[in-house]
Amino acid sequence: MKLLRTAILSAAMVTAGAAYGQQAIKIGVMNDMAGTYADLAGPGSVIAARMAIEDLGDLTKGWKIEVVGADHQNKPDIGSNVVRQWIDVDKVDVIVDVPTSSVALAVNEIVKEKNKAFLVSGAAASDLTGPRCSPNTVHWTYDTWALANGTGNAIVKTGGDSWFFLTADYAFGHALERDTMAVVNKNGGKVVGSVRHPFPGQDFSSFLLQAQASKAKIIGLANAGADTTNAIKQAAEFGITQKGQNLAGLLVFLTDIHGLGLKTAQGLIFTEAWYWDMNDANRAFAKRFAAANRGVHPSMVHAGVYSSVQHYVKSVIALKSAADGKAVVEHMKKNKTKDALFGEGEIRVDGRKIHPMYLFEVKKPEESKGPWDYYKLRATIPANEAFRPLAEGKCPLVSG
Amino acid sequence: MDINLPALFGQLLIGLINGSFYALLSLGLAVIFGMLNIINFAHGAQYMMGAFVAYFLLQFAGLNYWWALIVAPVIVGGFGILIERAFLQWLYKLDHLYGLLLTFGLALVIQGLFRHQYGSSGLPYQIPPQLTGVRDLGFTFLPNYRAWVVVFSLVVCLGTWFIIEKTRLGAYLRAATENPTLVRAFGINVPRMITLTYGFGVALAALAGVMAAPIYAVNPTMGADIIIVVFAVVVIGGMGSIMGAIVTGFGLGVVEGLTKYFFPEASNTVIFVIMVIVLVTRPAGLFGRAA
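First to last, the protein sequences are chains D and V. Position one of the first sequence corresponds to residue 1 (the working numbering), numbered consecutively onward. Position one of the second sequence corresponds to residue 1 (the working numbering), numbered consecutively onward.
Derived by calculation from the structure, the hints in this document are not laboratory data. Ideal Cβ placement from N, Cα and C applies to all residues, glycine included. It is possible that some hints are incorrect.
Stated by the list, open to error - Here are some of the chain D residues that sit facing chain V, going by a computed Cβ distance under 7 Å:
#1 Asp39
#2 Val195
#3 Thr255
Given only the sequences and the hints, what does the whole structure look like? Please build it.
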């Protein structure tokens with residue numbers, strides 16, 4: 001018995017020694033690793049987080065930084081369990097990525113309760129920096145308001161003034177629909193109807209027929225991933241676009257265009273935060289990333305994971321501790337962001353990362369030089385116009 | 001909601017189209033269950049493989065959609081035969097549960113391998129040029145491709161039903177399920193017949209996959225999404241009943257189409273509600289023979 005106690009004690013001392021001898025950060029990348037969002041986030045986000053740390057070079061000397069990944073299967077209950085386990089048992093300091101807004105909103109609460117940090121790249125709901133904002137959360141890459149603002153504005157102003165929405169029936173779809181409706185109405189357009197489809201869906205033809213019957217000029221796709229690509233594919237099949245109605249993909253990723261093929265996707269207009277072929281730094285990143293990710297090029301979600309992890313790690317190192325998540329996020333907000341992919345920027349008090357957004361159009365097959373050469377830039381939305389004004393978000397952190 | 005008759009007819013038609021996929025897939029399941037007593041959970045993965053093989057044929061062998069309709073089911077059916085020889089043949093004497101677990105595991109492995117190799121966002125596959133275009137039916141628009149899907153799957157379904165229920169070969173098959181020893185005594189190679197039947201069921205799944213490739217994203221999870229619904233269809237129709245699978249496949253497609261019109265949020269659930277009702281009132285299914 002005594003022997004056993006000594007053994008346990010000495011084992012405890014050894015582990016404690018390891019923990020205190022070297023400062024450590026544990027980064028947990030959680031997303032959809034195998035389902036509909038696995039290509040636009042998935043294992044690629046883990047690769048991006050590892051690259052971010054690699055690229056910090058000497059700065060991380062004396063720190064032991066570990067990246068772990070997990071699959072939330074797009075289910076809030078599974079995501080919540082993983083995060084609790086990570087924080088309570090595995091001592092993870094920061095949760096990263098988390099596409100699927102319903103999961104992100106659940107994680108948002110847990111991270112706040114446990115006082116860790118949450119860097120959102122994949123999730124879209126603008127509520128994360130609105131009514132549900134948290135002192136422990138930074139929303140990095142994009143949000144539903146920015147998508148609606150970019151794409152909605154551009155389309156209404158070029159004559160697309162009546163809309164019908166095809167909306168994924170969960171938090172993200174609802175948020176995207178709501179934010180886009182607001183933009184359409186503000187610009188003098190009108191919304192003639194909407195239909196909510198189960199997530200994830202497979203056959204959208206019924207919904208497309210309803211959209212067709214509505215006679216709306218624009219069919220807004222308030223969904224993502226395979227839902228969007230299936231809807232676009234089937235809209236082409238029903239000849240909806242030839243008959244004068246246009247599709248607005250409100251959230252489209254590079255990997256979606258790859259899956260659709262340019263023949264079907266050409267001409268589609270949408271808003272993104274980042275594209276790999278915009279400058280040398282992005283291209284260099286894409287080349288390394290693709291080599292590690294079976295040739296698949298990085299989406300804006302991957303780029304956001306990279307940049308947010310770098311900014312977070314810099315703040316932790318400056319504070320010499322990751323223990324107090326709120327303090328780290330506060331430090332992140334006080335200091336300007338600067339990295340290879342998003343350039344210079346800042347994080348607002350509500351947790352919103354501010355940077356320009358871009359309106360892209362999908363190239364015609366003959367304009368593309370090969371796989372992954374898909375976008376041409378239509379317009380740049382400057383940083384000060386790209387995101388929802390601070391005062392309009394109803395975030396409790398703003399007034400207080 | 002005011003009921004708009006043209007729109008309603010449109011939805012009925014769409015339902016029929018989706019129903020033809022349900023019918024083709026549940027038919028394969030019914031054949032396999034009826035003849036082999038195996039609950040083939042790998043059916044969704046085999047359907048997905050059909051779509052992927054169609055893509056490979058186009059990319060690497062230059063074989064178009066029409067070739068894929070013939071070649072892909074043969075390739076995937078051959079793969080099914082290998083599975084039957086390697087694994088399933090040892091399970092016939094055991095409880096259904098073993099076959100179910102084995103095929104479920106196989107489905108996960110196959111899906112995982114495809115996802116690892118090709119990612120989750122899918123691969124592009126175009127509608128064959130002969131079938132592009134849309135027909136204006138007055139009350140709705142019908143893409144030519146979908147019309148083809150309905151007609152072709154009806155022909156395949158009825159053909160299969162005819163072979164199994166009305167021909168001599170079908171009679172041997174049914175007899176072999178009833179009493180293999182006796183059939184073998186007549187000099188018929190029962191194990192080979194069973195193997196080929198499994199291959200045929202799998203080929204039907206692959207055929208549905210090829211037909212789905214131009215309209216649904218060709219991605220590794222396409223089978224997992226549809227297979228649960230198809231199982232519900234089979235349960236409602238009655239396990240092992242060929243005609244039951246066909247009729248319920250089309251019927252439930254229509255019911256689902258109507259739900260999408262009246263109450264879209266419930267369209268994923270309605271089939272399971274019907275399944276529960278059928279299981280409570282007629283446990284053997286609408287067309288099933290009580291065990």
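Right, here's what the structure says about each hint:
With 7 Å as the threshold, the beta carbon of Asp39/D comes within range of chain V, its nearest partner Cβ sitting at about 4 Å, so the hint holds. The beta carbon of Val195/D is positioned within 7 Å of a beta carbon in chain V (closest approach about 5 Å), and the interface hint is therefore held. Using the Cβ-Cβ criterion of 7 Å, the hint placing Thr255/D at the interface with chain V is satisfied: the shortest such distance is roughly 4 Å.
Checked against the numbered hints listed earlier, the structure breaks none of them; every hint is satisfied.
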